[in-house]
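K.L.:
These are the residues of each chain, in order.
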Amino acid sequence: MKQYDVTVIGGGPAGLAAAVEAHKNGAKVLLVEREARLGGILKQCIHDGFGLVRFGEKLTGPEYAQRFMQEFKDLQIEASTLTFVTKIERSSEGFLLTLVNREGLSKILSQTIILATGCRERTAKQVFIHGTRPAGVFTAGTAQNFVNLCGCMPTKKCVILGSGDIGLIMARRLTLEGAQVLGVYEIQPTPSGLTRNIHQCLYDYDIPLHLSHTVTRVFGHDRLTGVEVAQVDDNKRPIEETKQFIECDALILSVGLIPENEIAENLGIQTDPHTKGPFCDQNLQTLHDGIFSCGNALHVNDLVDYVSESGETAGRNAAKWKRFNRSFASIEPSDGISYVVPQRINVADENMNTILYFRSAKVFDKVTLQILINEKCVFEKKYNHLRPPEMERLPFDFTAFGLKNTDTVKLLIKEDAQ
Amino acid sequence: MKIKKLKNKLKKSFPAFDVREENNCRIVTGESDNWNDIINACSMCVSKDKNVHVVNDIRYTGKAEEPMRTPVEQDSFLEGKEPDVLVIGGGISGATILRELSKWKVDALLVEKESDLAMHASGRNDGEIHPGVDLAKGSLKQHYVLLGNRLFPDLSDKLDVPFDRCGQYACFTQGALIGFVGLYALKRKYIDGCSDTKIISGRTLRQKEPNSNPDFKFALYNPSAGCICPYGLTIACAENAVQNGAAVSLNTVVTGMTVENGKITAVQTNRGTLHPKIVINAAGVFAEEIAKMANDRFYSIHPRRGTNSILDRKAGRLMNGIASVKVLELHSGHTKGGGLLHTVHGNILAGPDAVETNERENFATTPESINTVFTKQKVTVPDLTERDIITYFTGVRAPDFEEDFIIENGRNTKNLIHCAAIQSPGLTTAPAVAKDVARMAIDILQAQKLVLRNDRFKSERKAPPRLAEMSVAKRNRLIKENPDYGQIVCRCEEISKGEIIDALNAPICVPTVDGVKKRVRPGMGRCQGGFCSPLVAQIIAEHQGIPLEQVTKAGEKAFLLFGETKGGDAQ
Chain A
0 MKQYDVTVIG GGPAGLAAAV EAHKNGAKVL LVEREARLGG ILKQCIHDGF
50 GLVRFGEKLT GPEYAQRFMQ EFKDLQIEAS TLTFVTKIER SSEGFLLTLV
100 NREGLSKILS QTIILATGCR ERTAKQVFIH GTRPAGVFTA GTAQNFVNLC
150 GCMPTKKCVI LGSGDIGLIM ARRLTLEGAQ VLGVYEIQPT PSGLTRNIHQ
200 CLYDYDIPLH LSHTVTRVFG HDRLTGVEVA QVDDNKRPIE ETKQFIECDA
250 LILSVGLIPE NEIAENLGIQ TDPHTKGPFC DQNLQTLHDG IFSCGNALHV
300 NDLVDYVSES GETAGRNAAK WKRFNRSFAS IEPSDGISYV VPQRINVADE
350 NMNTILYFRS AKVFDKVTLQ ILINEKCVFE KKYNHLRPPE MERLPFDFTA
400 FGLKNTDTVK LLIKEDAQ
Chain B
0 MKIKKLKNKL KKSFPAFDVR EENNCRIVTG ESDNWNDIIN ACSMCVSKDK
50 NVHVVNDIRY TGKAEEPMRT PVEQDSFLEG KEPDVLVIGG GISGATILRE
100 LSKWKVDALL VEKESDLAMH ASGRNDGEIH PGVDLAKGSL KQHYVLLGNR
150 LFPDLSDKLD VPFDRCGQYA CFTQGALIGF VGLYALKRKY IDGCSDTKII
200 SGRTLRQKEP NSNPDFKFAL YNPSAGCICP YGLTIACAEN AVQNGAAVSL
250 NTVVTGMTVE NGKITAVQTN RGTLHPKIVI NAAGVFAEEI AKMANDRFYS
300 IHPRRGTNSI LDRKAGRLMN GIASVKVLEL HSGHTKGGGL LHTVHGNILA
350 GPDAVETNER ENFATTPESI NTVFTKQKVT VPDLTERDII TYFTGVRAPD
400 FEEDFIIENG RNTKNLIHCA AIQSPGLTTA PAVAKDVARM AIDILQAQKL
450 VLRNDRFKSE RKAPPRLAEM SVAKRNRLIK ENPDYGQIVC RCEEISKGEI
500 IDALNAPICV PTVDGVKKRV RPGMGRCQGG FCSPLVAQII AEHQGIPLEQ
550 VTKAGEKAFL LFGETKGGDA Q
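Quick mapping for you: the protein sequence lines, in order, are chains A and B.
Reminder that position 274 of the first sequence reads as 273 in numbering that gives the first Met the number 0, one-by-one numbering, no gaps.
Reminder that position 536 of the second sequence reads as 535 in numbering that gives the first Met the number 0, one-by-one numbering, no gaps.
Incorrect hints may have been included.
Claimed, not checked - Far from chain B, some chain A residues (derived; all Cβ distances over 12 Å):
1. LYS57
2. GLU62
3. LEU181
4. ILE206
5. ASN373
6. ASP406
Claimed, not checked - As a list, the in silico EDC-like pairs of lysine to aspartate or glutamate whose alpha-carbon atoms are at most 16 Å apart:
7. A:LYS155 <-> B:GLU563
8. A:LYS23 <-> A:ASP4
9. B:LYS565 <-> B:GLU548
10. B:LYS313 <-> A:GLU261
11. A:LYS156 <-> B:GLU563
Hints listed in this document are in silico derivations from the structure and should not be mistaken for laboratory results.
Where a beta carbon is used, it is the ideal one built from N, C-alpha and C, also for glycine.
Could you build all of it, start to finish, from the sequences and the hints given here?
P.N.:
Dropping the structure here:
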């Protein structure tokens, strides 16, 4: 049986970065990828804007992935593509993974596992769209796959529900390919995608954005023939009088992403209800010894640069991993914060330097972020703007604070007195 | 009740309607824009005489139903064919009948207007194999449910369709009802033949179903209840029939019939005119239309829709068997809020509800249906939540006003057999009903010619292998033989490319995304095909040798793509 120090599950940006970093830190690494090619979802993200933070230049998704794939290849890290992890068992020697691919089933032994499984899209039924079940209801990612990888048009005239980034990108992409995008409907009163995408993908192409609106019903027996849209009230309930039929041939959904954590859940790893990803410590190790999480499986990111960064954190720490008793202080989101990652600080680790990733719960202007340890403020930072679609990154070193496992760290927003 | 008395009673409630009796039919006439009035009026006219049926001739002036959906095909594929038996309808009834017919040396043909089998009620069914505990002696439903239930272990085994005798619980919060329900159980057990029914305590219930409501005081338990995949079984029966020499023609709609001297001499379809010796009407919600064409309309179907929700397999732990809270209702009519069922695929199914409708093919879902079911079933299992829903769908049942099956020879038309008004528990009863219906057909044929048994009938049918459920050794062996079995296409359900290709190579090939989904399940999981549908479409295109944009979701009109992008062959 083959043995590894680190097995990375998922060959997208998080997994590639994790594998490279683990290798650089001396680990024997295997990367397992379900699809035929590495790169994950970046393969179909042919628009630019990737890598601004990391490389200071605007790359397309495939270009961004290529940089990591090249390094991965140069370092001669082992990858197993078209391979699916069907089972993970614990043994006294480490983790026993059962892999399935065209050669058959095989078992490998690994000291640590990095879950870099990415996320999936929320579907029409998960946002309770009713009516018929025709062809022509696509998640934005599926539509993107058809257009960019298959070279086929999933629509000529569509409505997009949700202003998530992929939906915005697809609004522009479909327009460029000659389709008519009748409008983007967003149930929230504020857009859920990045501001730059609202401008570059919608406004630049005169595609209307309807906030506080949703799609209530789908029509058509075979192919979709139209949708019903409506304005929603403060409780997000459709207002009857505002219901309106729109003739179109497709409904494209960009209504949220859900971290893929079926493997973690099967292993009984606790997940955070806010992020839908595993609870992790500053090393991005889950509460399960030897299992790490990164990228969109950990929490949904809006920039791939941070996906890679978390992959590197997980890779580095997985390579250095040794079994020792961890002991945790918890980090909790408080007023105005929707989530924070990591959710734990391992106080038994002498290094408590970490990168905090968080999102605000609503739009804030001119506010102060505070970090409290046991209700005592230890850090303040002023922000001109905080918006839920834009994840914030804050390096913070807890080492000097002498944290104990009974301590609670809180992140909260203080609105400045006007 | 004398018809005169009935007339008066009807007039009192519904002055706009009238009823008359002729040829063992109670024909209700009038005009209304209120569908519920029509249903209530017709139900009021039901006779105690089982031979007498209500025929609804009330003109509905409300929102008209859309015309019956028909296939696009127009050819002469079936022109001039003279099958011994023509089965109309590819639901569970038609498919089981076809399989029974294939045990004989007869030329049997099944026509189905949709692009696949089990597209209406049989594909939208909850899959429960009923114990018959809710049925009193004397109805066809009750007769066949007991017979049918017993056939499932053997049938599912032979046809390689998973079946789970998981048991059913009718749960009560009112402890005081135990005496009443106990008597009910005794009657069902000793008089109505549901021999295994019994009362269990709340404690026993919670041992079997730990997530059921702690307030349940007792339950009526039926170990003989089970569940099966309803469309899987329909497809399996039809495939097995085809393997044994019967024929299935999909996308084939019956448009008319020529009836001469009490006999159907020709059946017109979009694919040519046939001249069958016998016609079996298993047309579900359209059975009345077929009866009318055959000049043998003596009953009316009133569509009743119901919506089921499927929950993520993660919620599968909520229920091991089938259960529903029961409240005492004076009018113990039909399903009202369904139940919870642990499907053979590990999901929880919630539903269905029951709503009268004039639209036989309106499968649109509404938020109200989901709410009805969930409000009720959260009592059964308090942890139940809408957040676990991965999909929902609506089906339309095909009951008559007598709320019993119609399994009999034509009354005016001699070479016609009705297998109509099949509603719940029609899936359970189908294998037993099919034996009788096939026998009736063979008896008619025997009068004309000698019909021999098909001595080469093979009762076994193999489903595509389910690799993820196999032992390591067996799975390895299959992958070595065919590496496609090692290439996972659907991550949620762990379905390989090889299994998808097997579905396309099956005796009845339905090369659409939904056709493949129904057979081997890619896209049935939590991502609902988000990841795998482009891959499945590509495998279909490759297998059929067609461009990707010609692959459809279901049928010819449900196309997925509009041709290539500007860049053309981006592949």
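K.L.:
Each hint: holds or not?
P.N.:
Hints, one by one, checked against the model:
1. LYS57: 21 Å, holds
2. GLU62: Non-interface label stands for GLU62 (chain A): nearest chain B Cβ at 17 Å, farther than 12 Å.
3. LEU181: 16 Å, holds
4. ILE206: 18 Å, holds
5. ASN373: 34 Å, holds
6. ASP406: 33 Å, holds
7. A:LYS155 <-> B:GLU563: 11 Å, holds
8. A:LYS23 <-> A:ASP4: 13 Å, holds
9. B:LYS565 <-> B:GLU548: 14 Å, holds
10. B:LYS313 <-> A:GLU261: 9 Å, holds
11. A:LYS156 <-> B:GLU563: 15 Å, holds
Every hint from the earlier list agrees with this structure, and none is contradicted.
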